[in-house]
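Visitor: Going by our numbering, the first residue of the sequence shown is number 1, and it counts up by one from there.
Misleading hints may appear alongside valid ones.
Derived SDA-like pairs: lysine to any residue, alpha-carbon spacing no greater than 20 Å straight-line [as the list claims (entries may be wrong)]:
id	residue 1	residue 2
1	K268	M139
2	K340	G326
3	K339	R310
4	K302	R312
Cβ pair distances, simulated, as ranges [to be verified]:
id	residue 1	residue 2	range
5	Q35	A210	44 to 54 Å
6	K339	N257	49 to 59 Å
7	A210	L262	11 to 21 Å
8	Q9	S313	34 to 44 Å
9	R180	Q3	21 to 31 Å
10	P34	R311	45 to 55 Å
11	K163	E303	22 to 32 Å
Keep in mind the hints are simulated off the structure, nothing from the lab. No residue lacks a Cβ here, since even glycine has one placed at the ideal position from N, Cα and C.
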Amino acid sequence: MQQQPIDRQLLTTYLKGDCTPGQLQQVKQYFEAPQYKESLEAFLHEDWLRQAAIPVAVTPDVADQFQRFRVATGQQVETTVVTLRKWRGLRGVAAAACVAVVAVAGWLLYHSYGPTQEAVVATQWKTLTTKPGKVSEVMLPDSSMVYLGPASTLRYNEGYPAKNRQLYLQGEAYFIVQHREGPAFTVTTGRLTTVDIGTEFNISYHPQQAAIAVAVAKGKVEVLQQTASHTVTSRSPLTASQCLYYDTATAAIRFGNTAPDLIGAWRKGILHFRNTTLQEMALQLERYYNIQIRFSDDMLAKERITTVLRRRSLPDALQVLSMTAGVHCSRKGDTVWIKKSSALLESGTAK
1 MQQQPIDRQL
11 LTTYLKGDCT
21 PGQLQQVKQY
31 FEAPQYKESL
41 EAFLHEDWLR
51 QAAIPVAVTP
61 DVADQFQRFR
71 VATGQQVETT
81 VVTLRKWRGL
91 RGVAAAACVA
101 VVAVAGWLLY
111 HSYGPTQEAV
121 VATQWKTLTT
131 KPGKVSEVML
141 PDSSMVYLGP
151 ASTLRYNEGY
161 PAKNRQLYLQ
171 GEAYFIVQHR
181 EGPAFTVTTG
191 RLTTVDIGTE
201 FNISYHPQQA
211 AIAVAVAKGK
221 VEVLQQTASH
231 TVTSRSPLTA
241 SQCLYYDTAT
251 AAIRFGNTAP
261 DLIGAWRKGI
271 LHFRNTTLQE
281 MALQLERYYN
291 IQIRFSDDML
301 AKERITTVLR
311 RRSLPDALQV
321 LSMTAGVHCS
331 RKGDTVWIKK
341 SSALLESGTA
351 K
């Protein structure tokens, strides 16, 4: 069975007692479904490592509740605890207490919240969403600015910015961060968390994309990577003009450089493509022009292109695509079909 990642921030929020009833159902699935076993073990292990040095007394009350939790949830969670105990180098009492507290907290939070307590545990999430073809400029409560790209979603909870400055992005956004004392400004996208260290930066993360891209225009950021077993930082902070690309399929990371003025240039209507597949280009054009693009040939979608679209209307953009990639674009309503140009087809036949 293919393992799936858990939402670590959701699990942390859940352990603090801030989940909505719907979120509680998702957390319950994490504890019960086998496809989350490895990711859940990793989360508990990391928390264990963080808490191992803190003296914690294992009281009879905690032990009793832990036993109730194991009985109520069955062998799945017990297996998780046994596996965690294989890790060495931890202080036994403190580590066992940490696992017990995490497990008991999970059981109590799930089984204690009745309808009369929903208002107490519900977290007020602020969700910002843009439709395809639209870009939003948003000022956050800490005066940080966000340019939210088309077909994108950004969310944060009511604790922002007093208790946390944690944001969750799906899509593309450019951040101009206001610096202040207190929690660090962080943006989570899939398995990457970007931590601001004095910065303007751009993040692109769409489920259809092969990679998560982080690019720094000013200052620097630290990027944390969640793996199946632990969380590690990038080799060094990203500074101005540097980019990081995280392959969502292989978890491989590569670094690159780009001109600062091209980072977040989409805010000004400039779309830059460098050695980009036509499929990846098509996905971006769909978001920015609110259209659907189809290919007559799957192999055609894998061909690559390098070009810049500067404040182009859709007809102009398609014309540039046709001339640069040697394809023919035909549009009917909101759907654009791309196929090899007749000249290329005739040339291929002649050969």
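Visitor: Could you grab the alpha-carbon distance between K339 and R310 and see if it respects the 20 Å cut-off?
Guide: 24 Å, violated
Visitor: Holds or violated: the 44 to 54 Å window for the beta-carbon distance between Q35 and A210?
Guide: This hint is violated: roughly 22 Å between Cβ atoms.
Visitor: Could you see if the CB distance from K163 to E303 stays within 22 to 32 Å?
Guide: Roughly 49 Å apart at Cβ, these two residues miss the hinted range, so it is violated.
Visitor: Check the following: the C-beta atoms of A210 and L262 are separated by a distance inside 11 to 21 Å.
Guide: 20 Å, holds
Visitor: Note whether the CB distance of Q9 and S313 lies within 34 to 44 Å or breaks it.
Guide: At roughly 40 Å between Cβ atoms, S313 and Q9 fall inside 34 to 44 Å, so the hint holds.
Visitor: Range hint 45 to 55 Å: satisfied by the CB atoms of P34 and R311?
Guide: The hinted range 45 to 55 Å holds for P34 and R311, with Cβ atoms some 51 Å apart.
Visitor: Would the hint linking K302 and R312 be met if the CA-CA limit is 20 Å?
Guide: The hint is violated at about 24 Å.
Visitor: Does K268 pair with M139 here, judged by a C-alpha cut-off of 20 Å?
Guide: The given pair, whose Cα atoms are some 18 Å apart, holds under the 20 Å limit.
Visitor: Does G326 lie within 20 Å of K340 when you go C-alpha to C-alpha?
Guide: The hint holds at about 7 Å.
Visitor: When you take the CB atoms of R180 and Q3, is the distance between them in 21 to 31 Å?
Guide: With Cβ atoms ~38 Å apart, the hint is violated.
Visitor: Using the C-beta atoms of K339 and N257, is the stated range 49 to 59 Å upheld?
Guide: 35 Å, violated
Of the numbered hints given earlier, the model fails hints 3, 4, 5, 6, 9, 11; all others are met.
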